[in-house]
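Assemble chain B onto chain A, guided by the hints.
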Amino acid sequence: MVVLKKQDELVWKKRTTREQWINWFYWLIGSSIVLFAWKIISDKTVWFFVQDAPRQAADIGSRMVPPKWSYSLELIKPVWDTLNIATLGTVIAMIIAVPVAFCAARNTTPHSTVRIVALFIIVASRSVNSLIWALMLVFILGPGVLAGTVAIGLRSIGFCAKLIYESIEEIDANQVEAVKATGASNLQQMIYGIIPQVLPTIAGVGIYRWDINIRESTILGLVGAGGIGLQLNGSINTLAWTQVSTILLVILATVFVSEWVSAKVRGAII
Amino acid sequence: MMNNVSDTLYPNNWKKPPFIKRSWLRWSIIIGSILYLIAALSSMDINIQRVLEGIPRGQRFIESFFPPNFSDNRGVVWEGILESIWMAIISTVAGIALSIPIGLGAARNLAPLWVYMSCRFIIAASRTFPEIILAIFAVKLFGFGPFAGFIALSLGTIGFFAKLLAEDIENSSPAQAEAVKATGANWFQWINYAIQPQVMPRMIGLSVYRLDINFRESAVVGIVGGGGIGATLNTAFSRYEFDTAAAILLVIIAIVMVLEYASSHLRKWVQ
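Residue numbers (our numbering), protein chains in the order written: chain A, 1000 to 1269; chain B, 95 to 365.
No lab work stands behind these hints, which were simulated from the structure alone. Predicted model, so just to flag it, every value in this text is computed and none were measured. Mixed in with the good hints there might be a few duds.
[Said to hold, decoys possible] Pairs of lysine to aspartate or glutamate residues, derived as DMTMM-like cross-links and limited to a Cα-Cα distance of at most 25 angstroms, are as follows: (1) B:362 x A:1168; (2) A:1013 x B:262; (3) A:1179 x A:1168; (4) A:1263 x B:264.
If we strip away everything but chain B, and leave its shape as in the complex, we get:
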């Protein structure tokens, strides 16, 4: 009798509930993804021959990276790194300076609808194209060199920073804004004393983060002629000086690590 009850109350064949509850949806996603994988892999025409050939070549390629050569071309690498750093700093500052009015305009609680729409359009356009495409056009317009990279990175910063700024403003507390407004503050005082203190800590963190991104991106805008360490890296690759390239990559990784560490600390300190 007791056994019977326990059998009915505690079934011992428990199953983990599936991640997607509706079974038709689950099965159609599974079947759909299998079909997609077959279609995608079959259209990729992987040349096995070429890949097999590439493996010893890849080994030689990776071997030629070691040991990283820090000593030859040291001046060039150093100059490239510095140029990247200056480029990252100035494009972050310029990008943020441009982002602030756009971000204010893209916050629905501050701006009228037509300003909102046009600012959102600028943000969407800047976010769509990767920095490298912007850099290609900047190089066409402004000629080779760090100025083109600076323009591309600043434009890229707008899409990132203005979007997050606008979202943060939209999420800020309306009570504080109301309170400042009630004192008879004009528009600029209102922005400066009610909105700015609320969004500032996060924005400082984000600008350090963006500096970090811009430094990383500055390593690639050089490939299309935008100056910085990317140009040095590209030259090293084209001259088959892989040991120098390895040194450059290691330096980039080290700087990015330092920046990331610094930015996470700074963000904790600010918040």
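Only chain A is shown next, with the shape it has when bound in the complex:
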């Protein structure tokens, strides 16, 4: 922040001239990268299809209304499957994530090599999308709900373990020391000193991830891993647009309900 003197007037400026130039220079670099990226993408685009898009959108839109309400009865089982994939997947993830988190946290890890392995598990699980996990698991476990559940579980381990281990690293060491002073063993220290401090986080993370998993599990059917995505994929492929709109509305409703439930439960815990 500077005050420049122009003739006799004092003018306030946010930046000095030099800072302003540097700022413009960063903007120039940034915008040239974006323009370059845009050029690459637009070279690979068939612009005829893009020009055609509004007409296509209107066409599909008109085919999607009115939603075929009677179809929603057939969706009860897929929605139940979707909920199961999300819930059981979250349960699997939490069962694995808690020990991984304890291995990954600097203050509770048994050994630094174990810590590196745990961190690698976290990164690997986080960087592979649940759809790719599902793609691979369908090969191994066969199409169906089981592959979806395991995919969601594997995908969620990293997320949950990361948040939990960060909160383990932030615990109050005094409480653990107080428990230690009573002559508690390592395990007892963990149960009575550490876990009570991170339990709210663990519960909160579980609920939060469950909410995300509901969304993710709606699409796993695209690669054959069960849930409502299976119906969505089938309806899109057979161009049954009224069914597609029904499915989208059902997904919308499910997500809203799950978001409401998770907000309520998290409010009760924290």
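Coordinates of chain B only, in the frame set by chain A:
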């Protein structure tokens, strides 16, 4: 006598207080979750036969991933990665550019009620559908290729970025806003000098984070035809070239790790 006192004062059968204090709630949650687990597991009809068959198949499958094959198809993989990166960059920029007006509109302390409601609706709609569903429709409308992926990722960015921006604006200090307003600033000056400096550090961090997410998502929008490394990965899977697929997955993991490291550093540096 002394013994008696110590017995009454220090009971030695201490129990850890339960996590949920109300016992009826605790028991109904426990019983409810057991019932749910039974119902869920029984409706899953797991085909044990198929799973057992799948185990040797899975072993072969995993074996065929090793060693990851970086050399064949190198050009294709490289091209896919670059396309994903460009797609992630441009969809983050476009998504943020769209998010800023929506985020401003969705902040209750800036916008009148009807603007607030409509912006919140846009955010909720964009957050509900995963990028992949948006990508399916984008591919239907705009044809195969990275443009569809770009549209899907930009729309997905709106729900994420606009929501957090709106929340951050709502949490910003009203005193500073008031002070700038008192100087007689017009609306744009007010936003630029009172609100923007307060939310900027966090937003820079979030945009790097979103770039990271968009790169990861670009690996899956390709599965439904949205271009990028996902398309390459899907092709590798469909051709049963699992060693190439393993190489692609490793490259994705490496890039994500680098991005995550960079973004956490950048966020620390900005804040």
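We went through each hint and held it up to the structure:
1. B:362 x A:1168: holds (18 angstroms)
2. A:1013 x B:262: holds (23 angstroms)
3. A:1179 x A:1168: holds (18 angstroms)
4. A:1263 x B:264: Measuring from Cα to Cα gives roughly 22 angstroms; hence the hint holds.
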